[in-house]
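Chemist: The numbering used here numbers the first residue of the sequence shown as -19 and each following residue consecutively.
These aren't lab readings, by the way, just hints derived from the structure by calculation.
Bear in mind that the values here come from a model prediction, so they are computed numbers and not experimental data.
Do not take every clue at face value.
[Unchecked claim] Derived pair list, reagent style SDA-like, types lysine to any residue, alpha-carbon separation capped at 25 Å: (1) Lys395 <-> Gly360; (2) Lys395 <-> Ala340; (3) Lys431 <-> Thr342; (4) Lys147 <-> Glu181; (5) Lys502 <-> Gly472; (6) Lys327 <-> Arg339; (7) Lys395 <-> Ser345; (8) Lys327 <-> Thr342; (9) Lys395 <-> Arg339; (10) Lys147 <-> Ser223; (11) Lys391 <-> Gln371; (12) Lys431 <-> Ala377; (13) Lys502 <-> Ser545; (14) Lys147 <-> Leu50; (15) Lys147 <-> His51; (16) Lys391 <-> Thr402; (17) Lys327 <-> Leu293; (18) Lys502 <-> Thr532; (19) Lys327 <-> Arg301; (20) Lys395 <-> Gly172; (21) Lys391 <-> Gly360; (22) Lys327 <-> Asp346; (23) Lys431 <-> Asp369; (24) Lys502 <-> Arg537; (25) Lys431 <-> Leu383; (26) Lys391 <-> Ala340; (27) Lys327 <-> Ser223; (28) Lys222 <-> Glu210; (29) Lys222 <-> Tyr177; (30) Lys502 <-> Ile546.
[Said to hold, decoys possible] What follows is a set of in silico ranges between Cβ atoms, one per label pair, in the way DEER data are often shown: (31) Ala110 <-> Val365: 27 to 37 Å; (32) Pro373 <-> Val207: 42 to 52 Å; (33) Gly435 <-> Asp505: 19 to 29 Å; (34) Gly179 <-> Glu468: 20 to 30 Å; (35) Gln381 <-> Gln498: 43 to 53 Å; (36) Arg256 <-> Gln204: 27 to 37 Å; (37) Arg339 <-> Ala185: 27 to 37 Å; (38) Arg387 <-> Pro549: 53 to 63 Å; (39) Ala544 <-> Lys502: 17 to 27 Å; (40) Phe405 <-> Arg324: 28 to 38 Å.
Don't be surprised by glycine CBs; every beta carbon is placed ideally from N, CA and C.
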Amino acid sequence: MPKRKRELAVENGHNESSSDQGQKGGQSLVEEVLPGITRKITACAACRKNKTMALPASDVVAGGSHVTHLHGTLDMLCQHIGVEGPKALRSVGHDREGSYLPADNDQNQTQQEEEGCEVSPPDSPSAVQAPIDTFLDIAKIRSPHSSDSPASARASRSGTRSDLISKGIISATIAERLVHHYFARLDHYLYGIGGEYQGLEQLRANAPILFAAICTVSALHDPQERVVYEACNREFRSLVAKSTFEKRDVDHIRALCITSFWLADASRIFCSDAIRRAADIRLHRSFDALFEDRTGSGSGPMPSVTSPSMQNLSAATDRVRLWYLLFVCDQHLSILHNRDSLLRSDKGIAVGWELYLHRAETTESDVRILSQVSLLLIMGQVRDVLGSDNQTPLPPALAGQILNYSRQLDKWYTKFSALFVTNAFIGDFPKRGLQLHYQFGKLYLGHQVFKGLRGRPIPPHFLSAATMAHDTAVSIFEMILSEPELQEGLVGMPHYFHVMIAFAGHLLLQICQNYYEQLAIKIQDDFQLINSALNLFRNTQCIPQHPIWRMTPGLNRKLHDCAASIGVPVPSAVPVGGLSTQHAIPDQEALYYPPVPTAEASQPIDELLFTDFGEFNFPDLTSNFMT
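Whole structure, please, built from the sequences with the hints as guidance.
Modeler: Structure below.
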């Protein structure tokens, strides 16, 4: 605006200031002079500094009523689903204008979490002083043996621990049913490793992550609980992920071990985490402690483990059994994935399984666990000597090794078949399982001779082993179709069974496709056998995430592709229970032949599992049944 106009406006304003009319006129002139204001400033300086909008009093009152109503609704919902309501927000402190101050308990929590993170690496699990032990001592870095995590310590102080129920993920009624189903049936497939907390309230109060693991596994085996399984599985994985850098107790390892046997998609991750934690708390040294506690002597000093589980003989026994299960799980995974095992098979606790077996306190579950340890030591040798990442044919010199391992498997079966008894919860499944594991061992041994052939004829020196592989695969499906205990256990047994059954089917079809003339195989009989098994799998009730559901389509595709390549039709399935005896293994002392699965020979069973799924890429144990 021109200077003259501004001066006139000011002058007129002064002259008319004595009257109301003058004030109005001056004000209008000033407003005309000043630049236009697009919004009315109502906020104080502090609010303007923090760019906070100030509301009129009427809006504040109305907004307050809405907020009050919102809080009331939220509290009502929390009470309805049985979860704790949200904590109140803290107001801004006066000493720091315009900023939010963290609460004291938040600062303490952050500090506790930082202190609770494990030193990486922690103390050596060895009884002999290791370089890291010296460093930790010199550097004064605390690496406590206590297995309590910051989260568990805070929970114990507050007297509450969040779990699936308190978070509203599942109801108490569903949780009670899942826990009961696990301990009444599923836990006995895994040798009763569930632990001392066999009630819902005990699990919730003492081992929330074990509670989550049990509910997840139990829901996996309930055909009506798909949604519950997905929710529990998601929560369990979240708990495992959040605890990566926290110290945890034996029950955490137990939870990882249980899920490693049943949750195929994540078994390798859970197993490796469990093995790491087992080494950190020196779980393997419980073996020495167990026998030193009994005899007062041993090969080494008592382990310097302060965990409460080492306070008595029963707890030490439980820790030894848990280590053996981790060993079994690790060996299964190494077989299924063609990888090296994480746990060394020459450790004293592994090779000393017979010492543990001959204890007076040995139970039926101990016998079953140790039968697995003994078998997997043999299969580990097969993997180390015959197995390879390279697709190269075996040299003829290894034919003698195959014969040697086959005889070891025969001796193993003879030894343990006399020790197995009927289980009070799952009947004769252990006996049937023992024989099925024996067949798995023969199958794994025999399939090695097909490696690297790529359809070329089988060398004469490996014909006996190739025949053994074919007949063993046939025997596996005959057992499944003829043994009620195995059919009932299809939804319940660890996923190692399902992977090996699928592998047997793919191997059998591949042999039929490439070598039916050389081995004089009746392919129509084998196709009918596979089709009957597929019919059984289709009629087995389970959720889509279960291995049976996932592997059936891939095996069915393989059957039709194989039949099409040979130019023969796929025969109709034989009803379960109506299987003819045309596939029965000859009752003879054939070099590589497993014993006939008679009523007396249907000896003990053992269960375990591993890996993810998919179509097997013969002859490797790579799988992807989802595609």
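Chemist: Each hint should be assessed against the structure and marked as holding or not.
Modeler: Now for the hints, and whether the structure bears them out:
1. Lys395 <-> Gly360: Distance ~19 Å between Lys395 and Gly360 Cα, so the pair holds.
2. Lys395 <-> Ala340: holds, 18 Å
3. Lys431 <-> Thr342: With Cα atoms ~41 Å apart, Lys431 and Thr342 exceed 25 Å; violated.
4. Lys147 <-> Glu181: Holds: Lys147 and Glu181 sit about 15 Å apart, inside 25 Å.
5. Lys502 <-> Gly472: violated, 33 Å
6. Lys327 <-> Arg339: holds, 19 Å
7. Lys395 <-> Ser345: Cα-Cα ~16 Å, so holds.
8. Lys327 <-> Thr342: holds, 21 Å
9. Lys395 <-> Arg339: With a Cα-Cα distance of about 17 Å, the restraint between Lys395 and Arg339 holds, given a limit of 25 Å.
10. Lys147 <-> Ser223: holds, 18 Å
11. Lys391 <-> Gln371: The hint is violated at about 30 Å.
12. Lys431 <-> Ala377: Since the Cα atoms of Lys431 and Ala377 sit roughly 15 Å apart, the hinted pair holds (cutoff 25 Å).
13. Lys502 <-> Ser545: The hint holds at about 16 Å.
14. Lys147 <-> Leu50: holds, 20 Å
15. Lys147 <-> His51: holds, 19 Å
16. Lys391 <-> Thr402: With Cα atoms ~22 Å apart, Lys391 and Thr402 stay inside 25 Å; holds.
17. Lys327 <-> Leu293: holds, 22 Å
18. Lys502 <-> Thr532: Roughly 23 Å separates the two Cα atoms, so the pair holds.
19. Lys327 <-> Arg301: holds, 15 Å
20. Lys395 <-> Gly172: holds, 22 Å
21. Lys391 <-> Gly360: Since the Cα atoms of Lys391 and Gly360 sit roughly 16 Å apart, the hinted pair holds (cutoff 25 Å).
22. Lys327 <-> Asp346: The hint holds at about 19 Å.
23. Lys431 <-> Asp369: Holds. Lys431 to Asp369 sits at ~10 Å (cutoff 25 Å).
24. Lys502 <-> Arg537: holds, 20 Å
25. Lys431 <-> Leu383: Judged against 25 Å, a Cα distance of about 17 Å means the pair holds.
26. Lys391 <-> Ala340: holds, 24 Å
27. Lys327 <-> Ser223: With Cα atoms ~28 Å apart, Lys327 and Ser223 exceed 25 Å; violated.
28. Lys222 <-> Glu210: holds, 18 Å
29. Lys222 <-> Tyr177: holds, 23 Å
30. Lys502 <-> Ile546: holds, 12 Å
31. Ala110 <-> Val365: 27 to 37 Å: holds, 31 Å
32. Pro373 <-> Val207: 42 to 52 Å: holds, 49 Å
33. Gly435 <-> Asp505: 19 to 29 Å: The hint (19 to 29 Å, Cβ to Cβ) holds, given that Gly435 and Asp505 are roughly 22 Å apart.
34. Gly179 <-> Glu468: 20 to 30 Å: Holds, at about 26 Å.
35. Gln381 <-> Gln498: 43 to 53 Å: The hinted range 43 to 53 Å is violated for Gln381 and Gln498, with Cβ atoms some 23 Å apart.
36. Arg256 <-> Gln204: 27 to 37 Å: Given range 27 to 37 Å: holds, Cβ gap about 36 Å.
37. Arg339 <-> Ala185: 27 to 37 Å: 32 Å Cβ-Cβ, so the 27 to 37 Å window holds.
38. Arg387 <-> Pro549: 53 to 63 Å: Violated - the Cβ-Cβ distance for Arg387 and Pro549, about 41 Å, lies outside 53 to 63 Å.
39. Ala544 <-> Lys502: 17 to 27 Å: Holds: the Cβ-Cβ distance is about 18 Å, inside 17 to 27 Å.
40. Phe405 <-> Arg324: 28 to 38 Å: Because 34 Å falls inside the window, the suggested range holds.
Violated hints for the displayed structure, listed by number in ascending order: 3, 5, 11, 27, 35, 38.
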